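*Asks:* Spelled out from the first residue to the last, the chains are:
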Amino acid sequence: MNDRMALEVRELTKRYGSTTAVDRLTFSVGAGTIYGLLGPNGAGKTTTLECIEGLRAPDDGSVGVFGIDPTTHPKELWSTIGVQLQESALPKTMTPKEAVVFFSRYHKVEPRLDLLDRFGLAAHADKQYGAMSVGQRRRLSLALSVAHGPALVLLDEPTAGLDVESRVELHEMMRELRRGGTTIVLSTHDMAEAEKLCDRIGIIIAGRLAIEGTPQQVTAAGDRRTKIRVASMQGTIRADAPALAGAEPANGSAEAHDDDGYAAYWSDRPADSVTAILDYLKRNNDELVDLRVERPSLEERFVEITTAAHGGTR
Amino acid sequence: MTGYVHHLSVDLKAGVRDATLMLMNYLFPIGFFVMIGLFMPTINPGFVDLMIPGMIVFAVMSGTLMTIPATLIDQRDSGILRSYRVNGVPSGSLISIPIVGAVVHMAIVAMILTALSALLYGAPLPVNWAGFALTLLLTALSFATLSVLIGVVAPTSRAGTMLAQLVYLPSVLLGGLMVPEELLPEAVARGASILPATQAMRAFNTLAFAGDSYAAAAWPLLVLAASVVLNLALCYALFAWDPRTSRPRVFALLAVVPFAVAVLFG
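Going line by line, the protein sequences match chains A and B.
For the first sequence, our numbering gives the first residue as 1, with consecutive numbering after it.
For the second sequence, our numbering gives the first residue as 1, with consecutive numbering after it.
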């Protein structure tokens with residue numbers, strides 16, 4: 001990671017007819033980092049990526065990829081970036097081996113057939129694209145996006161539709177790319193993915209950047225209380241929902257009587273609250289079954305932001 | 001090997017690997033030829049004289065109009081073209097490679113049909129082989145460029161199929177493939193000049209099989225050549241990587257101009 005900027009987006013605006021998909025969006029991505037673009041459906045993430053990728057011309061503002069303007073220098077851009085599009089495909093008769101060679105020829109680089117091994121596709125190198133599984137296609141798409149050694153890789157929902165094992169593999173591949181100095185911009189709906197992978201994230205709502213920072217900063221900027229969930233043998237705390245030191249039952253009875261027999265509390269002082277819970281159970285001759293102290297997650301923060309943006313109607 | 005040459009080799013392989021392309025490029029026209037050769041000469045004894053050019057034009061139409069538009073539309077709709085674009089594949093490759101590929105496939109199928117026609121049915125061979133090759137080249141290029149143009153401007157697969165059929169079906173019936181142009185009513189024959197197949201058949205019949213001079217076949221050859229140039233220009237002007245890109249598709253109608261001129265003056 002260094003201070004050099006891989007991507008600088010300034011006041012980017014893109015309209016489709018009377019709809020403004022991206023509205024004066026500004027953010028930058030440091031070289032060698034993973035940046036997550038988050039947002040609900042229709043927020044403008046894909047349009048933003050397409051402007052960066054040179055697939056759409058901005059109506060206003062500017063994009064610089066290592067100083068390259070996508071609208072005026074697309075050829076330089078496409079040798080600098082690697083792209084995994086949200087909706088992309090290959091001809092159904094093309095094999096992974098052919099695809100690597102095919103794009104390498106156009107990029108004027110030596111084909112990196114070793115990538116097929118690295119991305120778990122060596123056994124499927126001669127399988128036709130039409131016969132490949134979703135996971136294999138995603139891995140191939142990622143392999144192709146890095147086959148020409150791009151300095152910046154743009155991934156649009158790369159793990160959508162993948163099983164857990166494939167997701168874990170892809171995450172490890174992305175970390176490996178970052179360790180090798182590649183910058184990654186990742187658009188995702190998966191908050192856990194963003195929290196685990198990204199150095200910085202930006203949440204886009206209605207084409208505008210609602211908040212930006214490290215996942216920890218973004219999470220901490222919201223409700224700072226900690227959620228405590230407790231289950232006891234006789235369920236006394238769940239039934240009584242007593243007031244406890246530094247804690248209050250979570251937002252009314254529905255959440256207080258959480259799923260699977262747990263009682264839920266929001267706490268400003270988790271240590272005091274946990275002690276109070278244990279004291280309460282002891283006083284009532286009840287026995288602790290499970291106690292969970294959960295700091296607010298990025299997902300909860302995301303819901304908070306999107307709900308606020310929609311006037312609390314979501 | 002450059003990207004373009006490698007792309008072309010991949011496209012040629014796909015023409016054999018892909019079951020639909022294989023069917024329309026080779027199996028369907030050859031199968032149709034064998035079948036029609038069995039009974040058509042008894043219905044129309046003059047058909048044997050038309051057999052080689054007629055079946056070649058039929059094969060060219062099947063291998064271009066019935067495959068190229070659908071492939072291009074599918075590539076655009078499924079995001080293949082966008083994948084190509086972000087990897088630096090130029091639009092020129094995507095326009096020209098299907099055309100070059102079609103010419104190669106059509107040259108092969110034309111050789112097969114010519115040989116089989118002579119061997120199985122005693123069809124007369126061309127007397128001017130250079131004129132035959134020139135006409136075949138212009139015919140394949142004209143239909144291939146028209147097919148790419150349909151693929152470029154058709155908004156959906158259904159529209160692409162409809163546009164292709166709009167050329168294909170009248171060509172089979174009125175283009176002189178099955179019935180000599182001379183047997184058609186004069187007004188119909190003149191109107192049929194609007195079809196590329198008619199121009200191709202005229203060029204084949206006069207230049208390649210009757211052994212007439214190039215001057216005698218100048219009109220159909222010029223019309224076919226003009227259509228190639230015009231279709232290519234329109235393909236480049238109207239090409240879009242993305243189905244959502246709006247463009248003035250109506251300009252594609254200019255592709256009719258050379259044939260309309262042939263109707264009026266040819």
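Source of the hints: derived by calculation from the structure; they are not laboratory data.
Honestly, I wouldn't trust all of these hints.
What the hints assert, rightly or not - Pairs of lysine to aspartate or glutamate residues, derived as EDC-like cross-links and limited to a Cα-Cα distance of at most 16 Å, are as follows:
(1) A:Lys97 x A:Asp117
(2) A:Lys92 x B:Asp77
(3) A:Lys196 x A:Glu299
(4) A:Lys196 x A:Glu172
(5) A:Lys97 x A:Asp126
(6) A:Lys127 x B:Asp18
(7) A:Lys92 x B:Glu182
(8) A:Lys92 x B:Glu181
(9) B:Lys13 x A:Glu172
(10) A:Lys108 x A:Glu157
(11) A:Lys196 x A:Glu176
(12) A:Lys282 x A:Glu248
(13) A:Lys92 x A:Asp114
(14) A:Lys97 x A:Asp114
(15) A:Lys127 x A:Asp117
Quantities reported herein were computed from a predicted structural model and do not represent experimental measurements.
*Asks:* Indicate, hint by hint, whether the structure satisfies it.
*Replies:* So, going through the hints one by one against the coordinates:
Proposed proximity of Lys97 of chain A and Asp117 of chain A is supported: the alpha carbons are some 11 Å apart, at most 16 Å. With a C-alpha separation of about 14 Å, the suggested pairing of Lys92 of chain A with Asp77 of chain B holds against the 16 Å cut-off. For the proposed pair Lys196 of chain A and Glu299 of chain A, the alpha carbon gap of about 12 Å is at most 16 Å, so the pair holds. Pair hint Lys196 of chain A plus Glu172 of chain A holds up; C-alpha atoms about 11 Å apart against a cutoff of 16 Å.
At roughly 6 Å between alpha-carbon atoms, Lys97 of chain A and Asp126 of chain A fall within 16 Å of each other, so this suggested pair holds. This hinted pair checks out: Lys127 of chain A and Asp18 of chain B have alpha carbons roughly 14 Å apart, not beyond 16 Å. As the CA atoms of Lys92 of chain A and Glu182 of chain B are separated by approximately 45 Å, the hinted pair breaks the 16 Å bound. Our distance criterion of 16 Å between C-alpha atoms is broken by Lys92 of chain A and Glu181 of chain B, whose separation comes to about 42 Å.
For the proposed pair Lys13 of chain B and Glu172 of chain A, the alpha carbon gap of about 35 Å is over 16 Å, so the pair is violated. Between Lys108 of chain A and Glu157 of chain A the CA atoms are separated by roughly 28 Å; this puts the pair beyond 16 Å, and the hint is violated. Distance check on the hinted pair: Lys196 of chain A and Glu176 of chain A sit about 14 Å apart at the alpha-carbon level, within 16 Å; holds. Distance restraint check for Lys282 of chain A and Glu248 of chain A: the Cα-Cα separation of roughly 19 Å exceeds the 16 Å cut-off, and the hinted pair is therefore not satisfied.
The suggested pairing of Lys92 of chain A with Asp114 of chain A is violated, with an alpha-carbon distance near 22 Å, which exceeds 16 Å. The suggested pairing of Lys97 of chain A with Asp114 of chain A holds, with an alpha-carbon distance near 10 Å, which does not exceed 16 Å. Between Lys127 of chain A and Asp117 of chain A the alpha-carbon distance is near 14 Å, which keeps this suggested pair within the 16 Å criterion.
The structure does not agree with the numbered hints 7, 8, 9, 10, 12, 13 stated previously, though it agrees with the rest.
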